[in-house]
Amino acid sequence: MRRYCLLLALLLSAAACGGESTATTSTADAAATPVGETTTTEDSGFPVTVQAANGAVEVVERPTAIISLSPTSTEMLFAIGAGDQVIAVDEFSNYPDEAPTTDLSGYEPNVEAIAALNPDLVIVSDDLNDIVAALTAIQVPVIHHPAAGSLEDTYSQIEQLGVATGNLSAAASLVASMQSEIEGMVEAVGKVGEALTYYYELDATLFSVTSETFIGQVYALVGLENIADAAGGAESGYPQLSAEYIIDADPDLIFLADTKCCGETPDTVAARPAWDKLTAVANQMVIPLDDDVASRWGPRVVALLAEIVEAVLTLEGSTP
Amino acid sequence: MSGLRLVDIVVAYNGAPVVDGISVQVPSTSWVSLIGPNGAGKTTLLRAIAGLVPFEGVIEIGQQPIAAMSRRRLSQVVAFLPQRPILPEGASVFNYVAIGRTPYIPYWGTETTEDRAVVEEVLHRLDLAEIADRQIASLSGGEAQRAVLARALAQQSDILLLDEPTAALDVGHQQQVLELIDELRLEQGLTIISALHDLTLAGQYADHLVLLDNGEVVSEGEPSAVLTEETIKRYYHASVRVVSQPDAGLSVIPIRPDRTVRGAGI
Amino acid sequence: MDLQPVTTRERHTAKVGVRLSIIVLLSVMISVLLGILVGAVGLSAGSVFAELANKVPGITVDSGLSTRDSAILWELRMPRVVLAGLVGGMLAMAGAAFQGVFRNPLADPYLLGVAAGAGLGATLAIAYLPDQTQWPVSPLPLAAFAGAVLGVVVTYVLGRSGARQFAASTLILAGVAVAAFLTATQTFIQQQNSDTFREVYSWILGALGTVGWGEVVLILPYVILSGGTLLLYRRLLDVMGVGDEEADSVGISSAGVRLAVVAAATLGTAAAVAVSGLIGFVGIIVPHAIRLVIGSSYRLILPVSLGFGAAFLIIADLIARSVLAPAEIPIGVVTAFFGAPFFLLVLSRSRRFS
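For the protein sequence lines, the chains are V, X and S, in the order given.
Under the numbering used here, think of the first position of the first sequence as 1, with each following residue one higher.
Under the numbering used here, think of the first position of the second sequence as 1001, with each following residue one higher.
Under the numbering used here, think of the first position of the third sequence as 2001, with each following residue one higher.
None of these hints come from the bench; they were simulated from the model.
Take these hints with a grain of salt, some might be off.
[As the list claims (entries may be wrong)] Per the computed footprint, the stretches of chain X lying under chain S, defined by three or more beta-carbons under 8 Å from a beta-carbon of chain S, are:
| no. | segment |
| --- | --- |
| 1 | 1022–1036 |
| 2 | 1050–1059 |
| 3 | 1207–1220 |
| 4 | 1247–1256 |
[Claimed, not checked] Short derived list, chain V residues pointing at chain S, Cβ under 7 Å:
| no. | residue |
| --- | --- |
| 5 | A231 |
| 6 | E244 |
| 7 | D248 |
| 8 | A249 |
| 9 | V309 |
Just so we're clear, the structure is a prediction, and the values are computed from it rather than from any experiment.
The C-beta atom is built at its ideal place from N, Cα and C for all residues, glycine as well.
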């Protein structure tokens, strides 16, 4: 009896040890130039390893049961053609429409709820509740793509997702088209933006962003000057301004990123005490943005830039 | 000049009667003292007269049932000194005594010169004028008791209800306060109803004693009639000797019968 | 009877009253002046005074301020200072009234569930009424107000049980229970709507950052009604100092006085909380500090609390918006900073006397 158990134990441990080196063959993709910090063991085929914020993540085969707990990652996945590989996205992933939204929470991720869906790849933007460690412990590949600090981060995240989901070429062409669109818009604006100031509103208590942040850098692309950069507390990247400060600075443009969450509109802004004295209000240069577009760092950042450019050109067009 | 009449008073807490059918007559300007063991219902009866607890039965003051009086009117006729009066922190003696004028001041009004004159007079009478501006918390026990008495007198009511007015005082102050009350009674024609646990003092100062036990009147009358060794033994379960001093009233002396004293006995 | 000592005393009281009034008025004026002179945008004192002078009929002076700066002064700073004064005065007076009616120097206007009720109301509005700017009147203050009043009503209904109906201790216990329940409910709702956390939290900490004359007009009638009523009850609060039973025995209904005072104070507090969030410590510190200086007579404490409470909150708001300008420290944080050393002071003083 004892000998039998020992044999069983030996067999089991051998099986466990042997598991990691199983390689599956898959159709080799057209070899794309290895990008960023990704490495492939076979030429663009699986298994692949990407260097995400949680270190090296190995994806063994082309995933067909992806769960995204990050609205931005969801947008990226669908934009690179990996949409049909996605089985579930978190409650706030509301774009595109076809994304399979569920109750899963990106803020309070429940590892059991996630595991119950049998994913073969999970993407998160915040490592809350030790979700990364938990998923790694149950051997679900998890990629941690935190909020981008710059456009370069955005591109590299898109490319990594392309590698990880087997949509390399689509990812590469998305990045290329984003880059060229952005270039084109910057050229169209030319020097015009450099003479203009703007105020970017995060919420009704007047929190703003500096040019150091991701969103601030987007505005900086067209040369706009941010009134929040000079404010006290700007080191955090998200200073709170006061009504007096904003009125005194009298920005040429005002962008509202609190339209969906808090119902702010150009009219409500104009109704604030003393705000009607602002030139931006008088010139109707209070631009409402889609909160979601403004708070994500995915492919739609191009659309965001387009709105900014449109505002700048309108303003310049209407002043002789 | 108001006498009181209590007819079949019942006061119950949570269904249990604490005062169970008490009838007493209190002639005007007399001093009636309620006595009895702890829990007999003395304090409760006083509170009923002061309108502080609901009761069944009739209490009349000068033939007017108090149930028909407004709280304000009642407090103009009856002043109540509780056993443990609350002395508001930081109040001056003057302001504290002035609270006794409340029954006469319009609800949202303030004291008039007359009100203040009454307070001054009372303070004078009770020898508190010198310390009128001191904090009441800084007074000695005797002074504080006089201040509480002053507050009651400021109410200018004919009837004074005193719940254990001497409880916290030393023997000297006990006598002082009770003498003072008796003087005032004679001066101003007050009617006094007191609850006293000290039987000697009760006997020495009250005209009429009412002995309560378990919410009922078990004996009443002149002190010499009520304060007998058998009565006290029966209701207080205490051994005492009642001694009559010539020209000095009754004394109720607790004794310890088993102890033998060598030498001279009493 | 010689009326000389009486009239001497009356004259003395009157003199004290006049002196106090002058001090209080001066404090309010100075704090208002500081409040409108200090701000994220530097406006010179000269131009501010010129602007003020301009408002006096018959005087026209050119202050030299641009339209924008003038708007900052009249539409931002001035209403903010006025509102801070109204809220501070109201909370301090309500706190003093609660201390008197519960005979407890640590009572504050939030005691009977006002704060918890307002917090729950605000949370419900923030979580379940999105798009608040579409409403003709912002629903947040209304919800907070309704919640505050409801909290106190429930406390009173519960306070009916117990040996003595509406006794001070019964009400306080009921208030604790109600506050605990409402706070738990609020936390639960916040958990269900995690995106509301920041907004609710910043509302709770109190802010006067986005107020204008609209908010002043909104709360003014409540402050006048509530404050006026409380001032009427000043003497009765002193009478309440002898306890419920003795107060009843001198001819007032202690339960009735308590109800009236609580109702009036709650009304004013609810209005203050509705526009400015939960600003703590004003209701305790100001009346208590006043008591340490001028004694325990509510006849004086109540009106002086009104004045000093106003000055206190105006200064606190000034600090809140200057220290980290242009960012604003939530005003509740500033008042709390005053709170800790204050209570230590009270503690040390009480140790000296015991």
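Tested hints:
{"no.": "1", "hint": "1022–1036", "result": "violated (count 0)"}
{"no.": "2", "hint": "1050–1059", "result": "holds (count 3)"}
{"no.": "3", "hint": "1207–1220", "result": "violated (count 0)"}
{"no.": "4", "hint": "1247–1256", "result": "violated (count 0)"}
{"no.": "5", "hint": "A231", "result": "holds (5 Å)"}
{"no.": "6", "hint": "E244", "result": "holds (4 Å)"}
{"no.": "7", "hint": "D248", "result": "holds (4 Å)"}
{"no.": "8", "hint": "A249", "result": "violated (9 Å)"}
{"no.": "9", "hint": "V309", "result": "violated (28 Å)"}
Checked against the numbered hints given earlier, this structure breaks hints 1, 3, 4, 8, 9; the rest are met.
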